[in-house]
Amino acid sequence: MRTLLAGALMVLGATSPAGSQTSPPLQVKDQWVRETPNPRSTAAYMVLVNKSDRDVVIVSASSPAARVAELHEMALDGTTMRMRRVERIRVPKHSEVALKPGGLHLMLIDLARALPAGDHVVLVLGLDDGRKVEVRAPVRPLGSR
Amino acid sequence: MARHARLATALFFSVAFTLPAAGCRSRDAEPLRDPVRLESYDFGGDFSLTAHDGRPFRLSDQRGKVVLLFFGYASCPDVCPTTLSTVKQVEEQLGTRRGQLLTVFVSVDPERDTPPVLKQYVDHFGINVVAATGAKPAIDAIVAQYKAHYAIVPSDSALGYLVEHTSILYLIDQEGRVRYLFRYGDPADFIIEGVTQLLR
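Respectively, the protein sequence lines represent chains A and B.
If you count the first sequence from 1, position 144 lands on 183 in this note's numbering, and the numbers rise without skipping.
If you count the second sequence from 1, position 84 lands on 81 in this note's numbering, and the numbers rise without skipping.
Check each hint, because a few of them may be wrong.
[To be verified] Below, in silico cross-link-like pairs of lysine-lysine (DSSO-like), each with a Cα-Cα straight-line distance of 30 Å or less: (1) B:133 with B:144; (2) A:139 with B:85; (3) A:68 with A:139; (4) A:139 with B:116; (5) B:133 with B:62; (6) B:133 with B:85; (7) B:144 with B:85; (8) A:139 with B:144; (9) B:133 with B:116.
Bear in mind the hints are in silico, worked out from the structure with no lab data behind them.
Starting from the given sequences, assemble the full structure and let the hints guide the process.
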């Protein structure tokens, strides 16, 4: 399963009306999760690609590997790193938004176990139209950027 | 000519008033940019906390070693692990001299970062490090001493609260004086440049 699904993307539970678009409204690439020695929390990163003609808004996240997943943003303010929870992440039409170290990310909280590098984690993004986008992300070493 | 004279005067004053006071910097903790030119900062100094192995830790007991000091927390998703990983690269490149370098990681999340939690965290990096914690007033005093900043920020996150903190890596010489402030993201090569100036 691991290798079969690595990097794959699925749209689950499409709830839009019959006859509406069937292609994924959002593509995800370069996804990864930071290795964590303790199961308290870690961050997930990815690039969100919207090739459609409308904005896509992510309103939730979840993962079977964590009790809770949230959308967060950190920012360097002078020399202070600040973090905040955000309600949504908008990916404008025909554009990309990067979730990356030092910026937007998914926060995985209360993990079922510590995540060693080389492992894989399933991440699910909830869109404002009710669709869900699922990706499988590799766990990378602690110092990855 | 008059125009040139005015320009020269303006240049003189702009240079005169932007040069730092000779040999000593007293402004807030703001990193300098390359090349690494060591300074003597008038903030910092000794402190005592509890190390990740449960034993007392005193900075002044480390005299003779070069210290890299960082303020962070064990569930930090980004800045702390990447900084400690950069320190690992620094140690690897120092080779046989790595024993002369000690990294001190002061937790600014004393509620969650007990010594066992810190031990599990720093053991993962495989570096010569002491992760230190203590009562909040003691942490606050050290943060103020180093002109750093941290805040426990209430949040509706399932984390309960979020932590913001200074991302500077302080270079401290063998006498316990702050000599340079590295920025978050400074590469290992740049940090080695500062460390090796002190090892000479």
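Quiz item: Would the pair residue 68 of chain A and residue 139 of chain A pass a check requiring their Cα atoms to be no farther apart than 30 Å?
Solution: With a Cα-Cα distance of about 12 Å, the restraint between residue 68 of chain A and residue 139 of chain A holds, given a limit of 30 Å.
Self-check item: Pairwise hint evaluation, residue 116 of chain B against residue 133 of chain B, where the allowed Cα distance is 30 Å at most
Solution: Roughly 19 Å separates the two Cα atoms, so the pair holds.
Practice problem: For the pair supplied as a hint, residue 139 of chain A and residue 116 of chain B, confirm whether the alpha-carbon distance does not exceed 30 Å. | Solution: Cα-Cα ~27 Å, so holds.
Quiz item: Between residue 133 of chain B and residue 85 of chain B, is the straight-line Cα distance small enough, at 30 Å or below?
Solution: Judged against 30 Å, a Cα distance of about 28 Å means the pair holds.
Exercise. Verify the proposed pairing of residue 133 of chain B with residue 144 of chain B, using a straight-line Cα cut of 30 Å.
Key: 16 Å, holds
Quiz item: Taking only the CA atoms, is the gap from residue 139 of chain A to residue 144 of chain B under or equal to 30 Å?
Solution: 29 Å, holds
Quiz prompt | Agreement of residue 133 of chain B and residue 62 of chain B with the hint, judged by alpha carbon distance not exceeding 30 Å | solution = 27 Å, holds
Quiz item: Keeping to a limit of 30 Å between CA atoms, is the pair of residue 139 of chain A and residue 85 of chain B held or broken?
Solution: Roughly 22 Å between the alpha carbons, so the hint for residue 139 of chain A and residue 85 of chain B holds.
Self-check item: 30 Å limit on alpha-carbon distance, applied to hinted pair residue 144 of chain B and residue 85 of chain B
Solution: Answer holds: residue 144 of chain B to residue 85 of chain B is near 25 Å, not above 30 Å.
No hint from the list above goes unmet by this structure.
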